[in-house]
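Here the protein sequences line up with chains A and B, keeping their order. Using the working numbering, you'd call the opening residue of the first sequence number 1 and step up by one each time. Using the working numbering, you'd call the opening residue of the second sequence number 1 and step up by one each time.
Fair warning: there could be bad hints in the mix.
Here are a few chain A residues that sit away from chain B, every Cβ distance over 10 Å (derived from the structure) [stated by the list, open to error]:
no. : residue
1   : Leu-2
2   : Leu-6
3   : Pro-17
4   : Ser-25
5   : Leu-26
6   : Leu-46
7   : Val-62
8   : Ala-82
9   : Glu-95
10  : Asn-127
11  : Glu-149
Computed cross-link-like contacts, BS3-like style, restricted to lysine-lysine with a CA-CA straight-line distance of at most 25 Å [stated by the list, open to error]:
no. : chain 1 : residue 1 : chain 2 : residue 2
12  : A       : Lys-24    : B       : Lys-80
13  : B       : Lys-193   : B       : Lys-148
14  : B       : Lys-74    : A       : Lys-23
15  : B       : Lys-193   : B       : Lys-160
16  : B       : Lys-193   : A       : Lys-10
17  : B       : Lys-29    : A       : Lys-10
18  : A       : Lys-23    : B       : Lys-176
19  : B       : Lys-193   : B       : Lys-176
20  : B       : Lys-74    : A       : Lys-24
In case anyone wonders, no lab produced these hints; they're calculated from the structure. Remember, it's a predicted structure, so these values are computed and weren't measured experimentally. Even for Gly, the Cβ is constructed at its ideal location relative to N, Cα and C.
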Amino acid sequence: MLDNFLKQLKQLQEIRPSEEFSKKSLRLIFASPQNALVENSWRTLLIRISLVGATAAFALLVVSKSSIPMKVAGLDAYDLRAEAQGLETNLNLVEIEESALQSKQVNTALEESAKSDPGNLNTMVLNREVDDLSVINNYDSSIDKALNEIAN
Amino acid sequence: MCRILIYGKRNSIKDLSFYMLDGENKIIKDAIGGEASSFGLLYEYYQPRIYRFIYLKVSNREEAEDLTHQTFLKAWLNLKTYTNRGYPFGSYLYRIARNLVIDFYRTKKETQSIEFVAEENIVLASSTAINALETKMATANIRSVLLKLKAEYQEIIILKYVEDMTNREIALALEKSEGAIKLMHNRAMKALKVQLITNNL
């Protein structure tokens, strides 16, 4: 029964469309303009751009909704505190260096004064200077007398 | 007329013994390049097969002609975007035809029964009147049985026993694996036996 049916199926190969229909159909097909490949490429490009945009938007949404805080360099409180502490440390170091330099200079001056001869404090030198001054202060009385006579 | 050859060893795609046009790949390439005559060759060769496939699945000649025209029109309109992978162009056409038939039944609320189809509507290539009459009667009987089967069983039986296609070729046309086609074929045969017994054929 089945074999006979399958043999009958072969007869269906005789089925064909009419020639009139075939010619008319082909004529109508050739009269239709084909879809250009460029249009398809544009469509593909637009789809790709839309997909990239959607992905980016989704990624931003996920990041903004995330429990992990966004870390922006220069605005993070922890970073700012650390930076301020570093600045303070640097200033302190500069002050220490300056005071060390000053004390060194003082020490050097004291050492120099201790080692060198304190001539400016010597009594003999002082007396001589006083004598020099007294020499300058002494005046000749005869000159004064002559000057007075001329004036009179 | 177009010469045909068995598509097999010289191509890397095995088991495609489905008759293809001589130099089909070049013809497809030329058709994509804009040569209407090349598409005309493909049309001449595949149109009767596609028409048969559709005709055995719908109720009458007018609908079969309309859907056949739509199949080739769709192929023509989208030819520039067709990617030739060395498969028969027919498998691409069968896929279009199949989808059109599915849409046809989806949109059509009432399907015409096979009993109402006039045998005169069946156009045959047979030359003698007796042969033609026998074939028309056979066709009416076969269709009455086939249309009672599931759509996918009908497709397998038509492609395998009317068009002599291999499982591989059927798989390409129906977009299924060869394994699935074997399984569906077994089920289709069982369902067909049941229908033949029911109809006393």
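Hint consistency between B:Lys-193 and B:Lys-176 [alpha-carbon to alpha-carbon, up to 25 Å]: Cα-Cα ~24 Å, so holds.
Status of A:Leu-46, Cβ more than 10 Å from any chain B Cβ: holds (15 Å)
Restraint status (C-alpha distance of B:Lys-74 to A:Lys-23 at most 25 Å): Holds, because 17 Å separates the two Cα atoms, which is no more than 25 Å.
Interface-negative label, A:Ser-25 against chain B, beta-carbon threshold 10 Å: Non-interface label fails for A:Ser-25: nearest chain B Cβ at 4 Å, not farther than 10 Å.
Exclusion check [A:Leu-2 not at the chain B interface, CB over 10 Å]: violated (6 Å)
Check on A:Asn-127 being off the interface with chain B, judged by Cβ distance over 10 Å: Since the minimum Cβ distance to chain B is about 123 Å, A:Asn-127 lies beyond 10 Å and the statement holds.
Satisfaction of hint between B:Lys-176 and A:Lys-23, Cα-Cα up to 25 Å: Violated, at roughly 33 Å.
Agreement of B:Lys-193 and A:Lys-10 with the hint, judged by alpha carbon distance not exceeding 25 Å: holds (18 Å)
Check on A:Leu-6 being off the interface with chain B, judged by Cβ distance over 10 Å: violated (5 Å)
Given as non-interface: A:Leu-26, partner chain B, CB spacing beyond 10 Å: violated (6 Å)
Distance rule for A:Val-62, whose beta carbon must clear each one in chain B by more than 10 Å: The claim holds: A:Val-62 sits with its nearest Cβ about 35 Å from chain B, beyond 10 Å.
Hinted pair B:Lys-74 and A:Lys-24, Cα distance within 25 Å: holds (16 Å)
Violated hints, listed in ascending order, are 1, 2, 3, 4, 5, 17 and 18; each of the other numbered hints is respected by the structure.
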